[in-house]
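Novice: Protein chains in written order, with UniProt numbering: chain A, 1 to 181; chain B, 1 to 417; chain C, 1 to 937.
No lab work stands behind these hints: they were computed from the structure.
Errors might be hidden in some of the hints.
Each computed EDC-like pair below joins lysine to aspartate or glutamate, with the alpha-carbon atoms no more than 16 Å apart [to be verified]:
1) A/K3 to B/E296
2) C/K168 to B/E317
3) B/K260 to C/E926
Some chain C residues near chain A, calculated using beta-carbon distances under 8 Å [what the hints assert, rightly or not]:
4) K62
5) M280
6) G338
7) Q630
8) A633
9) L636
10) A869
Every beta carbon over 10 Å from chain C, so not counted as near; a handful from chain A, in silico [stated by the list, open to error]:
11) A7
12) G12
13) P17
14) L18
15) Q31
16) T39
17) G77
18) S91
19) R107
20) N108
21) L131
22) A138
23) T140
24) E171
25) S172
26) E179
The beta-carbon is built from N, C-alpha and C at its ideal position, and this holds for glycine as well.
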Amino acid sequence: MAKIPVAMVVNGEKVGPLEVEEYTSMLDFLQEYLNLTGTKLGCGIGVCRSCTILVEREDGSLEPVRSCINNVGRFNGRTVTTVEGQAEYNSEGDIVALSPIQQAFLRNFSFQCGWCTPGFVNAATALIDHLRREPVPADTIEAVIDEALGEHICRCTGYVRYYRAVREVIESTPGLLKEAD
Amino acid sequence: MGKVAFVFFFLVIGGNVAAQPTHAQASAKQSPVEKGRYLAAAGDCVACHTATNGRPFIGGRPFHTPFGILYSTNITPDKKTGIGNYTLEDFTAAMRRGKGAHGNLYPAMPYTSYYLIPDEDIASLYAYFMQLPPVEYVAPDNDLFFPANLRFGLSVWNRIFFDKAPLSQPADKSPDWQRGNYLVNALGHCGECHTPRNFAFAMKNDEKFSGNILEGWDAVDIRPAALRRQGWDRERLRLLFTTGASEHGTAFGEMFSVVKYSLRHLSDNDINAIITYLLDDSEKMAGNAGNPQAAEKRYTQGRADFVAYCAACHGREGRGVTLSFAPPMDRNAAVRGDNPYNTIAVILRGLAAQRMDRTNARAGMPGFHRELDDVRVADLVNYMRTAWGGAENPVTVEDVAEIRRQLREHGYLGAVE
Amino acid sequence: MEGFNINRRNFIKLCTVTGITVFAAPVLWQKGKAQNPETARDVLNWRGAGSDPAFRTDGVAKVTGQKIFGRDFRARDMPGWKPQQHYALVLRCNRVERRFDGVDWTQLPAEAQPYAKVTAETLAEKKLKLPAFYGEAMLLSEGASPLYYGHAVAMLLFDDFEKYATAKQALQFNEQVIRYGAQTPPVERDPYASWRIIRVEGPQGPEDEDLYSPMQDGLFFPNYRDHKAEWPRAANLSGSVSERGMYYAQQIRATTEREAESGNWHLVRGEYRTQIVDPMMMEPEAANVWFDGERQTLHLVLTSQSPQDFQELAAHMIAESAFAAEIKNIVVHSAVVGGGFGAKDHSIFPYYGLVAGLFGTAPVRLANNRFEQFQAGLKRHPFGMRNTLAIDKKNGKFQALIAEMQVDGGGRQNFSASVSMVGASAIQSIYYLPRNDISSVANQSMNVDSGSMRGYGTLQTMTAMEMMVNQAAAELGIDPIELRLRNAFQDGWRNTQGAVPKVGVRYRELLERAREHPMWRDRMERKRAFEQENPGYLFGTGYAIATKDYGTGAAAPSAAVQFDTAGRLSMAVEFMEMGTGIGTSQSLLLETVLGRAADHCTVGEVDAWHALQQFQTESPYTMSQQHQDQQSANPLWTPVTAMASAASMSSYFQSHATQQAAEILFQQGLLPAARRLWKRNELEDGQTQWREGKLHYGNLPPLALEQLAAEAHRNGDVTGVMVHSFNRWEWAEADFELHGRQWTGSIDGLALRRGGSAEKVSADEYQVEKRSAVRYPRTALNNAMVTYYAPTAALVEVVVNPGNGEVSIHGLQNYMDCGRTIVRPLVEGQIEGGVAMGIGHALYEYLPPLAEGAGNGTWNLNRYQVPLAKHVPVWNQQHEILPPATEKDPHKGIAEVVMIPIVAALAEAIYQATGKRFNEVPITPERLRRALNPQVL
């Protein structure tokens, strides 16, 4: 068991350097070392997407990454957001505001058991971020949502209310859609 | 999949009649149609003549060639749009000489291999195809550049490049080998992908089976020594050909569909024959030439990246997790092979998810072309090849850059994230 | 909350089992920030202003990733626990045909050694045995043969995560770890259960007394020879229950053959098969268990759907073990369940967690990864059925149903007996059958065990029935909906068991709605138009209907509702939250009775019911009428104290208890206060009304709940009501003396609170009110099997790609009768989720049996295909929920039923599109491709 030093920014806070066994998955790192259990294990092999977290690219854009099939070393020096970092909190740690995606999921009763929710929150947030940078024609909205979320697995609500919620946010946020080409 | 047996086989080439040894227990009952159905699977006709929506034999699948886009044709017996009006002679001409009803066929149709198919098998195939349900369907028009768009040029091409050498039948080879030779070279038309092509898209027969880059993948060197070097033996090849996966690697890209639609439907005897031919009495390689310790020392970043990016699926020290999910890397054929192309291309492109059936499916692999630059990919590949492949020549940053350039140019990057 | 201290009110005593006291801890997540009223600003206020709530009560916690699920909690999250977290892993056999010859411990990496290795020998030494419900051989002994694929052989404990993770990576797929010896014959045992439901209607028809039925005559059982069921041979019209039964069974068969031969009856005959399905709930099972030796206490955090059952069985397990002397207390912490679908109901998993904890020197976490969950988690029972449906050619009326079912229960019995029974009793679907002979045998096998997964047998059998009906319609040339209308069951008629359903059935209405839908009416034209516009694709329309029985025949929900001096309502219910939104719906139920929704609802409450002081004796299913009569003289006796949670049960059963509690609170707490404030001695019954949060009565000044609550508290009136109820296809009814008057209600246990201050429901504030009389449903109703039904129908259009066999759903219209809906978006979410799961069952989800199956430990989602968004009608799915027929309509369970009709509707639509009829699910793309392209290898 070899250890590597791990340091990164998670939800705006500096983490590490910590000595971590090199084969530790990012999911396990979040859960066992940082006690951030909002990121969920569903399949552990990168299929179901419940473990999706966000990593900031160099240009500041957000990349959804599956934390179960990537070991912690991939995230060294990176800026990472998990579901716990999506709402706004005050200094006491109380929630003061939810993100537009979080609100839309609540409003639409998108989830039931809630296990897949963190993955959907992060992937949908990345989609909104992406559309802000590269708006798409309004008539492609269904395909765009499916491309971003189509691999996520939900067993309770059959996707209908997740998709509806994301569509609502896209349509009600200025600048994400453009006229059809 | 029923086990299909064969009685007697006569190979008829250029008037020479050679007895083809029997392979399975005699099954005199097999009709020409049934036999044709089996031969069509062995010839993997469905792979090319399936429409993009999956409808078998109606054609319309696009082929991106250096000369433009070709579409496969409708080979159902529809009189208007298919081969309904073909006589056996027409069919034979198309199969053997690339002579279609409306002129010469483009050599994407592997008549350059099928010319080796004997009359009896052609007749069975004809019987099979003519009784398929006819489907009226016209494939899109080919989109070729001048002068390739002129079909009459094809007769010139045929004259220059179509080398109709008969199937070799060395006397010292086993009946199994002879059968494999036929399946690999004629029906299986393996050379069409695995043999390099010249400027005119013709197979370079002097470099037969030495590997060829196609659609952004290396259709690997399948000559006996190369297969051995990649670590293949009878059992691993059998698994690869029947399930698409073995501890030595998985079939992906076009080879996956070859397994799915062709190889796994062949009889055990025919699979054995193919393997006998491919390995050609070559000796099993002793162990793995890799050196993990040296690799770890020499390629620290490469190892760190393997641990960070690859190990969660391919296991600690590349030993794998479980084959039903992902193959190990410490004995992977691509890593051990001489040509690093596929190792690099897979890392950059990723692999699409693929499903053989309900119980055999792969999740696909993300591509890392955004995150890993040429230097890191080179180091990663060198780490793997040194640790587990015993590679002699390290991959250079330029090698990776060139492959990345080609892949980007053809739009192969970004398909799987 | 600090360390465990019995003198404090952190944990509440639940029961004592042979010297071990079982405690329950408050549901973990409700300590979460989102529930903190100080921070509950508008954006976080679930109730909102509309008639439907703004969002789920647990929504904020779930959408922000708070710790709420059992799997989330680590030692350091648990107040008072030793913070070091230890980890356990289980080694399991991936084969069965050889003897287990021990574990090769040298496979463990040197740097990742466990500090404890638990094997069958260890368990024997400590006298640890599984509760009888789960069978024997918790860990397989060396020298024995595995009983089934995935049989556990050892458990390893590690004192840190890195060692655990390293060892797990080295061992999980390592073929060298478990040593196998000589070949042994497969393990074969008698079937777990056999059922036979024979009924012949009486001469006056459906409402008449039956000539023979289980309800009227009772049940009889076969003998087992060579592990196969052998039904009695003797048939005698005036003999015993079995002889008479066999007489009628033979008569039904003979009549069917005769009428068919003479051309009067049309027979649809076929073999129908369903696959092994993994529930694939998203949260794999986990347990965190701490044996606090110093305080002689065992703490458990579980992912169970049925913690109540676990508590009692676990206490017995420990009491009978060598740990009995070391453990005085068991504390079970329950949590929100991340999807269950029945897989976490009576799962064996928590017992492995318990054992791991017993041998741990710090809190031990046992958590399945998905491979392990596939290998060891409960499955849906595969059914093989040989069915014959006889239809009168003249009028299209069903005449007889003969069904023989073989059910594969896997390696442990679990709920196989009841699943096979429920499946058999459900095959009638919505139809009336004058004659039936249905047998069902639950067999042991070496597959992974099946349990109470969503559908509970009914999905399997009702789908077959619907397939038969669709086939009959085609063969008889009768419109499929018309054929259904002719045979639909009606109120007051008898089902295949001879019982009369208690909840009104509105099948005709559902059928007629679908008949008028353009998707149905114009189906031929729509097919023609689509296929013309999309050459090469095939279009088809299918319809099916199903009615799901729900309930267990021994439901025992509890509820408590109370208000504080400021009029804030809090409540507790026994059911767990499994994602269906029970916290939300139960809170909302208070609105009509008490003027507004609960401000706080504790779900999965286990402790407070202690105030009712109730006890149980024998199994409610097998007790005699005499036993029930004798015991019920004791006002604290009840047939069942607590029950497991099932999604479809909450809306009917739990709502009943909640409503009873709310109504009593209104009568006994708010009305007396209102009378005083309005200075009226009497208020006319039913003339008060809640409007905008205030209670109105004639022209008197409206009173706010705050005023009423303050007055009730001031005067020492009732401020909280706790009830327990019991349902054996009917509700138990009891009389109580309240304020000197006799009060009768559909409950069997009652406790009241006067004054009181606790924010949450707390046992010590309640005083039990002993009943003066009770009327329990007769024990004979156990033979009724099921009498509650909620129907759904699905009208679906599919497009089949004949090339690759892929089916896409072009349009879907759902119909359902769920009585009064409580929260519409929750119901719709349930429908959409049920549809998706039904699509998975119909088209994609499949596990092969035995060696290739889940028990070999290599299964995961790369192979097991669950529906993705692209497989379900995300944008083109409509629901029609029948408006309640009356204000008094019950709330009915729907979770399971929605997934049923879609399966047969898809099969029929595929037939209409392709001309291929499938009696076996799943109808995978591979099967369909093969069927449509037989010419291609």
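Novice: Determine whether the non-interface label on A/S91 survives the test: each CB of chain C must be over 10 Å from its CB.
Specialist: holds, 12 Å
Novice: Looking at A/E179 again, its CB stays over 10 Å from all of chain C?
Specialist: holds, 22 Å
Novice: Does the interface hint hold: is C/G338 within less than 8 Å of chain A, judged Cβ to Cβ?
Specialist: C/G338 check passes; min Cβ-Cβ to chain A is 4 Å, inside 8 Å.
Novice: Can the hint on C/K62 be confirmed by a CB-to-CB distance to chain A that is less than 8 Å?
Specialist: Since the shortest Cβ distance to chain A is 3 Å, the answer is holds.
Novice: Please settle this one: A/Q31 was flagged as non-interface, so is its CB more than 10 Å from every CB on chain C?
Specialist: At about 8 Å from chain C, A/Q31 fails to clear the 10 Å cut-off, so the statement is violated.
Novice: When you look at the beta carbon of A/A7, is every beta carbon of chain C farther off than 10 Å?
Specialist: holds, 18 Å
Novice: Hey, is A/E171 genuinely clear of chain C, shortest beta carbon separation above 10 Å?
Specialist: The assertion about A/E171 holds, with a minimum of 14 Å to chain C.
Novice: Given C/A633 as an interface hint, is its Cβ closer than 8 Å to any Cβ of chain A?
Specialist: violated, 43 Å
Novice: Taking C-beta pairs only, is A/P17 more than 10 Å away from all of chain C?
Specialist: holds, 17 Å
Novice: Taken at face value, is the distance from the CA of B/E317 to the CA of C/K168 at most 16 Å?
Specialist: holds, 15 Å
Novice: Is the Cβ of A/G77 farther than 10 Å from every Cβ of chain C?
Specialist: Holds: least Cβ distance 22 Å, greater than 10 Å.
Novice: Any Cβ of chain C at or closer than 10 Å to A/G12, or is the non-interface label fine?
Specialist: holds, 15 Å
Consistency note: the structure conflicts with the earlier hints numbered 7, 8, 9, 15, 16, 19, 20.
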